[in-house]
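**Student:** Chains as they are written, first to last, in our numbering: chain A, 31 to 224; chain B, 8 to 576.
Treat the hints with care, since some could be wrong.
Derived, one-sided and incomplete: chain A residues facing chain B with beta-carbon distance under 10 Å [what the hints assert, rightly or not]:
#, residue
1, 131
2, 177
3, 209
Note that these hints are calculated values from the structure, not bench results. Each residue gets a CB set at the ideal place from its N, CA and C atoms; glycine is no exception.
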Amino acid sequence: MISTLRPAITLIVLFTLLTGIAIPLALTGAAGVVFPSQAGGSLVERDGKLVGSALIGQNFTSDKYFWSRPSAITDPDPNDSTKQVAAPYDATNSNGSNLGPTQKALVDRVTADIAKLGPAPVPADAVTTSASGLDPDISPANAARQVARVARARGMPEDKLRALLAVHTEAPALGFIGEAHVNVLALNLALDAQ
Amino acid sequence: MTPIGWAQIALVLALVALTAWPLGRYIASVLAGAPTPLGRLLGPAERGCYRLAGIDPGRGMSWKAYAFALLMINAAHFLLLYAMLRLQFYLPLNPQGMAGLSPPLAFNTAMSFVTNTNWQAYAGEGALSYGSQMWGLTVHNFLSAATGIAAAAAVARGFAGGGLKQLGNFWADLTRITLYVLLPASLVLAVFYIARGIPMTLSAYVDATTLEGAKQTIALGPVAFQEAIKLLGTNGGGFFNANSAHPFENPDAWTNIVELWSIVAIPFALTVTFGRIVGDARQGWALFAVMGILILAAIGVVYWAEAGGNPLLTALGVDPALGNMEGKEVRFGIPMSALFVALTTGTSCGAVNAMHDSLMPIGGLVPMFLIQLGEILPGGVGSGLYGIVVYALIAVFVAGLMVGRTPEYLGKKIQAKEVKLAMLAVLILTFSILGGAGLSVALPVATASLANAGPHGLSEMLYAWTSATGNNGSAFAGITADTPYLDIGLGIAMLLGRFAFLVPVLAIAGSLGGKVKLAGGAGTFPTHGPLFIGLLIGVILIMGGLQFFPALSLGPIAEQVTLLACKTY
Chain A
31 MISTLRPAIT LIVLFTLLTG IAIPLALTGA AGVVFPSQAG GSLVERDGKL VGSALIGQNF
91 TSDKYFWSRP SAITDPDPND STKQVAAPYD ATNSNGSNLG PTQKALVDRV TADIAKLGPA
151 PVPADAVTTS ASGLDPDISP ANAARQVARV ARARGMPEDK LRALLAVHTE APALGFIGEA
211 HVNVLALNLA LDAQ
Chain B
8 MTPIGWAQIA LVLALVALTA WPLGRYIASV LAGAPTPLGR LLGPAERGCY RLAGIDPGRG
68 MSWKAYAFAL LMINAAHFLL LYAMLRLQFY LPLNPQGMAG LSPPLAFNTA MSFVTNTNWQ
128 AYAGEGALSY GSQMWGLTVH NFLSAATGIA AAAAVARGFA GGGLKQLGNF WADLTRITLY
188 VLLPASLVLA VFYIARGIPM TLSAYVDATT LEGAKQTIAL GPVAFQEAIK LLGTNGGGFF
248 NANSAHPFEN PDAWTNIVEL WSIVAIPFAL TVTFGRIVGD ARQGWALFAV MGILILAAIG
308 VVYWAEAGGN PLLTALGVDP ALGNMEGKEV RFGIPMSALF VALTTGTSCG AVNAMHDSLM
368 PIGGLVPMFL IQLGEILPGG VGSGLYGIVV YALIAVFVAG LMVGRTPEYL GKKIQAKEVK
428 LAMLAVLILT FSILGGAGLS VALPVATASL ANAGPHGLSE MLYAWTSATG NNGSAFAGIT
488 ADTPYLDIGL GIAMLLGRFA FLVPVLAIAG SLGGKVKLAG GAGTFPTHGP LFIGLLIGVI
548 LIMGGLQFFP ALSLGPIAEQ VTLLACKTY
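Please model the complete structure; the sequences and the hints are all you need to start from.
**Tutor:** Here you go:
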């Protein structure tokens, strides 16, 4: 018993010091020097003010901006902790809807969203919630459908918007790795800079 | 399904196949204590560990001593992690001031990480301090992965020679695997992940002001290093609640490919290690082939199920071109999500880059069935290998019954004792999955946790017990897992699935190790050819089907039927 306990406890202590403390701390220190932006969360500043992270989606509701996907994140209601309230793109509480394909709640939600976005067919990512609730991207088809609305709200020619969208559309790497996507925050920052 | 989608899947699988041989041979030499290039660098650290811990690496252990040592270190680590989680408020590196976990949640989480399950009844960014993630969970990721590989090595040694009394030294196996395989590989992976944007910082969460003027608090943390071992060790417990779907755990297609590779790299490589240890490479490749064929079929079915989209939504006017995007991320799309679904449940990983609860009925059936088959395709690090060896014993037993000969596997006679132990191991899993889920759907205290109605609700509960028993850790995550009933019940299921399976398997290895190693003769059934591969595939599917088809037909299969009838719940 004791002859087993000693190696067990010693190895736990050594591995904790090594894999749980020394190496993560050293790596954190080195990463802060070599990759300060990435290691710090790819934060984006505008005019010296923090506006978000390049990797984390944001909620957009104004007609002036391209909209992100719906987000299923909910937080406890501050007034009544037994209830949940919608908290789209709350980056401290990542989650998806976890609705199965036959759930009435899913069908009702999509029905309501399509009524707002119409006419059919609507790109799937525009009316479905992502796994993380923080999806930074939308599909090129989804972005293209929003061009007319944004152009009207900003009084910009649609051609100019389409050109900007083309610049911010990331094609699959080497032609086949990953999906074509548009980072919504980057696109909207570029819009504001016009 | 598109050619481009299949090309991405083929790329990942090709990487896995290419690395299996060198990685498997390397692990075999590490386990044998042979000199390796890293040995020169890390040798002093290894010897230092032995000296401080009073370990004689050359002293072999009987199967009982090996199992006892394995259980002892895991029990001690469980207690330590439980204490850390309860007391995290008083420990350093807690910039968000997270409170200690409740007793049931701390029990569930500690059990979850000790058993390599990494079921997340907690939300990482909302409940755990940076310190708990680092010296609590990350250390467990290493230790439980190394435990699995050590156990697999012990089982393989049971077949290596004749008249063996000993299966190797557990402490030396554990130390070598950690120092020479898991740690260096995790470091390299972590550097890549940081370069691609996975955070590695101790700064507190930051407040941003969005373009529309709202406040967005962004959770950060020392993510990258834990991310590396999370996948490499088939652990699967994410730093964040959304796991590898969270952009900070999996920012782009490149990290996704590397994460996928690292989930299955070691499990497939261990078949090569097995071939080396038993002294016949073809035996390892036969197991590799069984795993490869079945997982390929599983990937194809998930991809097909998800690519068509949800017909209920298509009828409303949703374009089905992108597939079923509910619970999926745009940057991964259907093929890379489908591949993740299959690989994370073919192993005991359980990390997710899409929400399994929102998969199509058949897309959700596949991962559940893969776990129920015992996670042997290719299975968790180590646990996949010893799991498939159990099935191989049952397969040669079935073949022996057909021709009326005493079965042999790798030159060892398989007799009543081994077959009974193998069946015991398999039936423990079935008992825990079906017993636990069956009991729970009858108890209001458990069904109150369900988020989905109709057959999907049953699937949610069945998946929870399947995942816990299989030490997978993925979930139909709508279920409210943090209730005292599920915390404790699923915690016990994890314990049974890991250790009540492992001990009989080590007993088999001990029993076989002592037997003489027979040279194959004309009457020996060869276990490296296509006939054996086909037989093993048949045994796996028939045993899994017989046990779980009734439950699956009430869950996902019933759901598929009602979906085609356009019925909602």
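**Student:** All the hints need checking, so say for each whether the structure fits it.
**Tutor:** Hint by hint, here is what the structure shows:
1. The restraint placing residue 131 of chain A at the interface with chain B holds, with a minimum CB-CB distance near 5 Å, inside the 10 Å limit.
2. Nearest Cβ of chain B to the Cβ of residue 177 of chain A: about 17 Å, over the 10 Å cut. The hint is violated.
3. Below 10 Å, beta-carbon pairs count as interface contacts, and residue 209 of chain A has one with chain B at about 4 Å; its hint therefore holds.
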